[in-house]
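Novice: Residue numbers (this note's numbering), protein chains in the order written: chain A, 3 to 499; chain B, 3 to 319; chain C, 1205 to 1518; chain D, 46 to 377.
Just so you know, not all the hints are guaranteed correct.
[Stated by the list, open to error] Distance windows between CB atoms, simulated: (1) Arg326/A - Gly83/D: 32 to 40 angstroms; (2) Ala211/D - Leu1311/C: 28 to 36 angstroms; (3) Arg1388/C - Gly132/A: 28 to 36 angstroms; (4) Asn146/D - Glu125/B: 52 to 60 angstroms; (5) Gln218/D - Lys89/B: 53 to 61 angstroms; (6) Ala384/A - Met1314/C: 48 to 56 angstroms; (7) Thr15/A - Thr72/D: 46 to 54 angstroms; (8) Ser310/B - Asn146/D: 29 to 37 angstroms; (9) Thr72/D - Arg392/A: 18 to 26 angstroms; (10) Glu89/A - Gln218/D: 57 to 65 angstroms; (11) Thr72/D - Thr290/B: 28 to 36 angstroms.
None of these hints come from the bench; they were simulated from the model.
Just so you know, even glycine gets a beta-carbon here, dropped at the ideal spot from N, CA and C.
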Amino acid sequence: MKPAIEAQDLTKTFGAVRALTGGRLSVARGEIHALLGANGCGKSTLSKIIAGTHAPSSGLLSIDGQPVSFASPRAAEEAGVALFYQELSLIPQLSVEANIFLGREPRTATGAIDRKLMRQKTLALIARFGAAIGPGLRPEARVSELQPGERQIVEILKVYAKEPRIVIMDEATAALDSRQVAVFFDFLREKRAEGLSTVFISHRLAEVFALCDRITVMRNGETVAQMPVAETTQEEVVRMMVGDIHRPQKRQRTAPLSAPLFELDNATGDRFHNVSLRLAPGEILGLGGLQGQGQSALLRGLFGISPLRGGTLRLNGSPCRLRRPAHAMAQGMGYVSGDRVSDSVLQGRSIYENLLAALVMRERKLWLSPRVLAPRLTAEAASLKTKYARLSDSINTLSGGNQQKVFIARWLATQPRLLLLDDPTKGIDLGAKADLFALIRELADQGVGIILYASEEAELLDNCDRIAVFNGGAVVTELSGATLDSFHLTRAAFGET
Amino acid sequence: DTFKIGLSNGWVGSEWRTQMIEEAQAAAAAWADAGTTVEVVVQSANVDAQGQIGQVRNFVNQGVDAIIINANSPTAFNPIFAQAKAKGILVIATDAEVSSKDAIYVGIDHKEWAMQSAKWLAETLHGKGNIVAINGVAGHPANEMRVAGYKEVFADYPDIKVLNEANANWDQAQGQQVMQNLLATYPDLQGVWVQDGMAAGAWRAIMAAGKKNDIAATGEIRKDFMTVWNDEGLTSGASVNPPGVMASALNVAVLKLQGKEFKDGIFGGTYGNAIYLPIPFVSNENLTEKLAEAEGKPGYWSVTATLSPEDASAFFK
Amino acid sequence: MRDLLTRERPAWLLAAATLILLIVINGLVQPGFFDPSVLQSNLTTFLPLVLVAIGQTYVILGGDIDLSVGAIAALVNVVVVSVMAALGGGHGAIAAGLLAGLGTALLCGMVNGILIALVRLQPMVTTFGTGIIFSALALWVLPQAGLEVPEAYWSTYGGHVLGVPTVLVILILATLFVVLLARRPFQSWLKAVGGNRSGAFQSGLALNRIRIKAFLLSAVFAGLAALCLTGETATGDPLMGQSLGMGSISAVALGGTLLSGGVGGAIGSMLGALLLGMIGNVIYFAGLPYEYQTLVQGLIVLAALAGGVVLARR
Amino acid sequence: MSNGMTSDTAAPSPAGRAVALLRDPLTLALVAIAVMLGLGELLSPGFARGDQIVRLLTVAALLGIAAAGQNLVILAGGAGIDLSIGALISFGAVVAGNVMNGVDAAILPAILAAIAVTFLFGCVNGIGVTLIRIPPIVMTLGMMAVVQGGLVVFSQGIPSGNAAPALMQFINQPALFGLPGVLFAWLALCLAMVILLKRSALGFAIYAIGANERAAGLVGLPVRAVRILVFGLSGALAGLTGVMVIGYTGNSFISVGDQYMLPSIIAVVIGGTSLAGGSGGYIGTVAGAIALVLLQSLLTTLHLEVWGRQFIFGATLLVLLAMYGRQQAPRV
Ligand SMILES: Nc1ncnc2c1ncn2[C@@H]1O[C@H](COP(=O)(O)OP(=O)(O)OP(=O)(O)O)[C@@H](O)[C@H]1O
Ligand SMILES: Nc1ncnc2c1ncn2[C@@H]1O[C@H](COP(=O)(O)OP(=O)(O)OP(=O)(O)O)[C@@H](O)[C@H]1O
Ligand SMILES: [Mg+2]
Ligand SMILES: [Mg+2]
């Protein structure tokens, strides 16, 4: 049988950047095929070539045995290929249903949009994800009003609305919680049974091993290996992707008995209520629970982005009201968002400027001398092993993961006493993730307080001293010591204490 | 008697227009002495021809007795003037001629205005020399009539060469810029024919280039320019388009509204609907006299002339 | 229609509410405002901007902007008038003139669309540049205002069709067009292109074709406005319509369409254009001294915009 | 407006650098300037003479000062644009003319008065844009109408007052090395702008806000204050331009600034600043202003019909725009 996708030696250069030097991929009909690799190794680029979004610089691509060269995403779609875009392809201003059927709207005899039919079809698609979908995801809701996880689901529905035979899921689970992931995987397996071919890209290896049939590994723009899942192990795959990495041991630490750095009582805000938390210097506090239970909202509230509406906050024993980020920064706080495109990246500006951003207000500098600042910033970037050519290069020349390292380094440069991390590893590869958590621990050991929200359970369990578990905007329980394990975390996430 | 007269002005970019409206308002007030109440309503804003049609519509809908308009287009008002006339409204255009047979024009002949100063320039240069012309907004009716006027005059002087013509859109700063460029490109220049509104700028460029004694150029009728003209001993001459034209038109309008009939055969001009007013001329000969008239007036004040009600009654039976 | 009733309601409604308020005020200060002939006369004044604002809406929805509409109107006007005059002014001449005018508009829109969508030039500066070129061509076709339009043409425009004022017929047809277009996918596509261009591309939309179509629509509506201006003025004038560019953008914004693209609709723009016209009327009939007219008009427009934005944010 | 970004992938190789240099807007503008000077000299000898160039630079200086404010507003992004610049120039000119009224000693108060008033108007623009969130194009368009109307009211349609002799000398007469004082003032402004944009925290904030307003807010930058300030500065620079313009023309009139509105935007754009904000600089704008003034005067000196001049002007603009101002293709 002809393979569904056969990519041979695809290459792609952007200006002087060689994003892809030897992209090879062979996906059989009716399989779920994992495409793995570190940040910036070319997974998204390869996917976009297959889906007609990028034109390859050279190489051959066949779909179902037919050599193709797609002139546009539309052409790929007509050949049965659909791509879930890592950065999403949704139109924020349009409704969920308009997004799902964009360009393929059902029409009435007069050529107008058949709204009734479109609504029916949308509801049917939503029903497939059933209970995992919150009430916010209605066909007529605007995408701009949705939570990140909901948007991701809309993008998934949009892919399947095209009734494709070949789908590529580029980090489709990055913002999904465990329940949503479970439903999604059932769905993918069902589609596999129907003969659909799926390329599954993810940085969560456990998911890959639970779901996929075969694995293709990429490294530095090249495909380096391909094998059945059954014949390999997570360790081996990681070594192929990034070489040997130091996997963090579970954090072993007894909470220091010093005065609390941070005391929060009865905090209420946009999507959370009556949250009380304590944090000592050198402690790492995790925020756990399903996606969208108010964890991010709390972090944003603490940092003064959408200020708290009630409750009290004391830092080092003295009460403070943080009404905007500058206030929080003056108290030595830092905030790293996982949504780098909208929250972090200064588009088109240099790496230097992107590193510098937080320092300007933190140190209230009026005069910015690169001679003084560049060495400091370089050091911070180096501590995270950020890969870049020159500080003066545009931030857009870096891969997503390396960009995220820049945004973390930006805050490290301000020497924060309290660091708020809002799913900071979203889209970061394993190597970088290990570096990052090693660094976070090091900071904690130096006495910095850390509050970490992570959508990935293991990240919390491996790295936190305590975990406050959220459900419906409130803390249901706090896990520490013996209860700090997956079982208790999952139970608490679903509201059981 | 009580008459309501609408004044429509479609451009507020110059003091000349302001003076025009103020003189018209003063003329209206002066009718009170003769026992006639003349109430004026003014619409004055930067609008294009279509916007000014809107102004006229408002007058028509309000039911004024007469409309006096400084029109932005010679032809665009034909249908609306026809409507106004149908409602018994008297329409008088001033400063800019209109083609409508339903309106009359009371103002100067812009072609003649240009011919006077062109003749002055040609004669000052003894019929010989290189000149350039600086004009207002291309395509604007008043500008086109003026261009036709000087072209006709210079055609009679074979030794006068018009080296180039440029547009500076009746803007002093642009006039100055354009003159600078022309001076740079044509070092051997004896004369400049430039319209008012830009002449002061052009002269500033001429003076900056140190050529004020080598070049004769047309000028302006503003007091501040005439002062410079006098102090610097420039060779200049200026046809006067008096801001009082709208007041003159108003006086004609009131007489007509009082029921008087125009004499036969007094209408002339391109469209056969014009009563042309005399065009005074300021030259080095009468400059001191005109400056004396301007004594006590502000710098923006322009030499003016208004047809008094008595003068105006000469047009009527 | 549902779109209009759900999300765009605030800004859209504000334009409508303000318009009604102004109509009421105008009715009070202007005796006879509700006379059919006065209404018709006012509509005649407002109609060109209403039409241009409709076309401008589509360009803005797609994330672009068209500053050349005024120049297009001027060029179409002189072409129409010149063709009618050259062919002698019969019914055939009128038809030929209308066709020539619309053809000219299509060409202008094509030039804009190609330069912006295919050559990928920045829309604001590009349409400013093409606007200069179209004005130049208008001056070339007709160096100064003049030429007459056949009476059949302008008297029909100023008169009635089947007992209904022609201008009202045009307004109704335009509204019908707007409503029908809003139901077709094209308007969603435009919003997608203006809302997230790369997302729209990735969704398989033909960006270039969609953007060019928007510029064609804008130019055609500018051309229709020119036909109305020609009917209103019965003459050709190369300097006509200069205020239409900025006026139409204000109207679109007043009507609740986001200037950054992706949100809005043409009904709002029509209301916005009517609103702009009514503001001028009310100011005049309120008897404001003329020195204050420009100032107060500007202040009211700003206040209406600010109010619309504040309401839309709730 | 557009959400397109000019792609500026850094190219480390020498060949890549040469390409980058050729695509650099500043280089292009300089080449365009050289070509136009050459063409002008060829078509009408005397066009490229020293004193003529000095006069062109003087005119360009006025545009360049006005465009500096426009530049800041555009750089700060958020579809930033200032259409009220023309009206504010007129207002500045009228205020300055009234205050100085031909008296040398009153020049400084006149400048201060003009700048203060226009700065306030600019801040109102900024407040409307940030706090009420009116789109800049509409806010400043409305402001333009308000300022023009205010000017009519303020001056009752007859702006009195004229420039002091020393000011006129400063603009029109050579001061040092045959150059008028205004050119030195412009040079100083260039230096100030470059330092502001490249080295100061305010400049950093302007670029950051232009590149990603949300991200700038999250690192504590006072986004609204900066935007209001930028509009204020744009107003103040327009006011300063107004003072210079009245020095150039001798006396003020109501529409004196109108001719600067759109050219100030064009100078910025052909100087390589993206209308989307966040990228560009002032040196390019300087070259853009010079190129624009040069083009206008070149066309003046050519013996052409009016429509021909306009046509060439528009076409040249499009060519300049096409040479580098192209936006990113959706498919790469
Ligand atoms: N439009 C672009 N212009 C320039 N360089 C690009 C562009 N898109 C991607 N790259 C570069 O190409 C390389 C591959 O990027 P790609 O997005 O394919 O990586 P990835 O494997 O998907 O990484 P991640 O896991 O972080 O999503 C990176 O070095 C990236 O910086
Ligand atoms: N607009 C809204 N109005 C009311 N309730 C909402 C709204 N959006 C979300 N919620 C609910 O509020 C709760 C908290 O969700 P929220 O999305 O704030 O969590 P989060 O993790 O802070 O968000 P995010 O994942 O966006 O960063 C959820 O139960 C969610 O369904
Ligand atoms: Mg990727
Ligand atoms: Mg979250």
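Novice: Each hint should be assessed against the structure and marked as holding or not.
Specialist: For each hint, the structure was consulted:
no. : hint                                     : verdict
1   : Arg326/A - Gly83/D: 32 to 40 angstroms   : violated (55 angstroms)
2   : Ala211/D - Leu1311/C: 28 to 36 angstroms : violated (54 angstroms)
3   : Arg1388/C - Gly132/A: 28 to 36 angstroms : holds (33 angstroms)
4   : Asn146/D - Glu125/B: 52 to 60 angstroms  : violated (38 angstroms)
5   : Gln218/D - Lys89/B: 53 to 61 angstroms   : holds (59 angstroms)
6   : Ala384/A - Met1314/C: 48 to 56 angstroms : holds (54 angstroms)
7   : Thr15/A - Thr72/D: 46 to 54 angstroms    : violated (24 angstroms)
8   : Ser310/B - Asn146/D: 29 to 37 angstroms  : holds (35 angstroms)
9   : Thr72/D - Arg392/A: 18 to 26 angstroms   : holds (21 angstroms)
10  : Glu89/A - Gln218/D: 57 to 65 angstroms   : holds (59 angstroms)
11  : Thr72/D - Thr290/B: 28 to 36 angstroms   : violated (58 angstroms)
Of the numbered hints given earlier, the model fails hints 1, 2, 4, 7, 11; all others are met.
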